[in-house]
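**Student:** What follows is the residue order along each chain.
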Amino acid sequence: MIRTINRRNWLAGAGTLATLTVQPRLLAAVSEPVQSVLKRDFPTAEIQPGRVNIELPALAENGNSVRMKISVDSPMTPTDYVSFIQIIAQANPLPDVARFDLSHANGLAEVETRIRVSAEQDIVVVAGLSDGSLWSGSAHIVVTVAACLDALY
Amino acid sequence: MLKARISVPARARQGEIMAVKTLISHPMETGFRRNSLGQAIPRDILTRFECRYNEKPVFTATLHPAVAANPFIAFHVRAQDSGKLEFIWTDQDDQVTRVTRELTVDPAA
Numbered sequence: 061m062i063r064t065i066n067r068r069n070w071l072a073g074a075g076t077l078a079t080l081t082v083q084p085r086l087l088a089a090v091s092e093p094v095q096s097v098l099k100r101d102f103p104t105a106e107i108q109p110g111r112v113n114i115e116l117p118a119l120a121e122n123g124n125s126v127r128m129k130i131s132v133d134s135p136m137t138p139t140d141y142v143s144f145i146q147i148i149a150q151a152n153p154l155p156d157v158a159r160f161d162l163s164h165a166n167g168l169a170e171v172e173t174r175i176r177v178s179a180e181q182d183i184v185v186v187a188g189l190s191d192g193s194l195w196s197g198s199a200h201i202v203v204t205v206a207a208c209l210d211a212l213y
Numbered sequence: 004m005l006k007a008r009i010s011v012p013a014r015a016r017q018g019e020i021m022a023v024k025t026l027i028s029h030p031m032e033t034g035f036r037r038n039s040l041g042q043a044i045p046r047d048i049l050t051r052f053e054c055r056y057n058e059k060p061v062f063t064a065t066l067h068p069a070v071a072a073n074p075f076i077a078f079h080v081r082a083q084d085s086g087k088l089e090f091i092w093t094d095q096d097d098q099v100t101r102v103t104r105e106l107t108v109d110p111a112a
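Protein chains in written order, with the working numbering: chain A, 61 to 213; chain B, 4 to 112.
Excised from the complex, chain A in its bound form:
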């Protein structure tokens, strides 16, 4: 049921994005951990796919530190800017990764950090704009040595 709602959102968003030649990976299938984070943080808002660009290696040797760069298409003017960027790693023991709060004072909606990835998964990024709209993107990653594995020793 949860899946159906997102499929609907996806289809609605896909229509508006049809003119774009380069599209980020869309939020097509949303897993249970992502759903619970989205429900907790954005209970009422509708999340549209698009505007979020993620730079993430497709294959990471070591999941303990993976470079990730996120940029959001936005003019970053006082009336139209990105107010936050949130990273969700659904297959991690704790899906929350980080949240960055921005404003027009940043001039450019681009953030880079290093994250832990515990398994092959789609990393989901949600960006909130000053007008209240929410946008999302995702990137698939495969890790050969997962973070948290040393938890067993």
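If you are wondering where the hints come from, they were derived from the structure by calculation, not from laboratory data.
Bear in mind that the values here come from a model prediction, so they are computed numbers and not experimental data.
Just so you know, not all the hints are guaranteed correct.
To be verified - In silico lysine to aspartate or glutamate, DMTMM-like type, Cα no more than 25 Å apart, as pairs:
#	chain 1	residue 1	chain 2	residue 2
1	B	K59	A	E172
2	B	K59	A	D140
3	B	K87	A	D161
4	B	K24	A	D161
5	B	K6	B	D97
6	A	K129	B	E89
7	A	K129	B	D94
8	B	K24	A	E115
9	B	K24	B	E105
10	A	K129	B	E53
11	A	K129	B	D96
12	B	K59	B	D109
13	B	K24	A	D133
14	B	K59	B	E32
15	B	K87	A	E172
16	B	K24	B	D84
17	B	K59	A	D161
18	A	K129	B	E19
19	B	K24	A	E121
20	B	K6	A	D161
21	B	K59	A	D191
22	B	K24	A	D156
23	B	K6	A	E172
24	A	K129	A	D191
25	B	K24	A	E172
Using the hints, position chain B against chain A.
**Tutor:** Just chain B, lined up with the frame of chain A:
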């Protein structure tokens, strides 16, 4: 105080978008790991990072255990006025690490 490294220009033109890179030494212990005796290693993380430009917060980050050890955060700030940039990290026990950088802003050409 933790050891922090910051890359930010000392001088910029007004309106210029400056790249800011920050790195801080911290294990970011997740709380999910166990030691050789099988005992859980307690969580020890930085939970918050803030950049203030002349006292005004311009960038804040909320961090969770999934941020890699020695958190690296890079972002941008638009140069407005001369003054100071403050970088503040707070850990889960509210211990604060603070670094300040002076910035000179030249009028736009």
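**Student:** Please go over all the hints and tell whether each is borne out by the structure.
**Tutor:** Right, here's what the structure says about each hint:
no., hint, verdict
1, B:K59 / A:E172, "holds (22 Å)"
2, B:K59 / A:D140, "holds (19 Å)"
3, B:K87 / A:D161, "holds (20 Å)"
4, B:K24 / A:D161, "holds (16 Å)"
5, B:K6 / B:D97, "holds (16 Å)"
6, A:K129 / B:E89, "holds (23 Å)"
7, A:K129 / B:D94, "holds (24 Å)"
8, B:K24 / A:E115, "holds (17 Å)"
9, B:K24 / B:E105, "holds (15 Å)"
10, A:K129 / B:E53, "holds (19 Å)"
11, A:K129 / B:D96, "violated (29 Å)"
12, B:K59 / B:D109, "holds (20 Å)"
13, B:K24 / A:D133, "holds (21 Å)"
14, B:K59 / B:E32, "violated (30 Å)"
15, B:K87 / A:E172, "holds (23 Å)"
16, B:K24 / B:D84, "holds (20 Å)"
17, B:K59 / A:D161, "holds (13 Å)"
18, A:K129 / B:E19, "holds (21 Å)"
19, B:K24 / A:E121, "holds (24 Å)"
20, B:K6 / A:D161, "holds (24 Å)"
21, B:K59 / A:D191, "holds (22 Å)"
22, B:K24 / A:D156, "holds (22 Å)"
23, B:K6 / A:E172, "holds (20 Å)"
24, A:K129 / A:D191, "holds (23 Å)"
25, B:K24 / A:E172, "holds (9 Å)"
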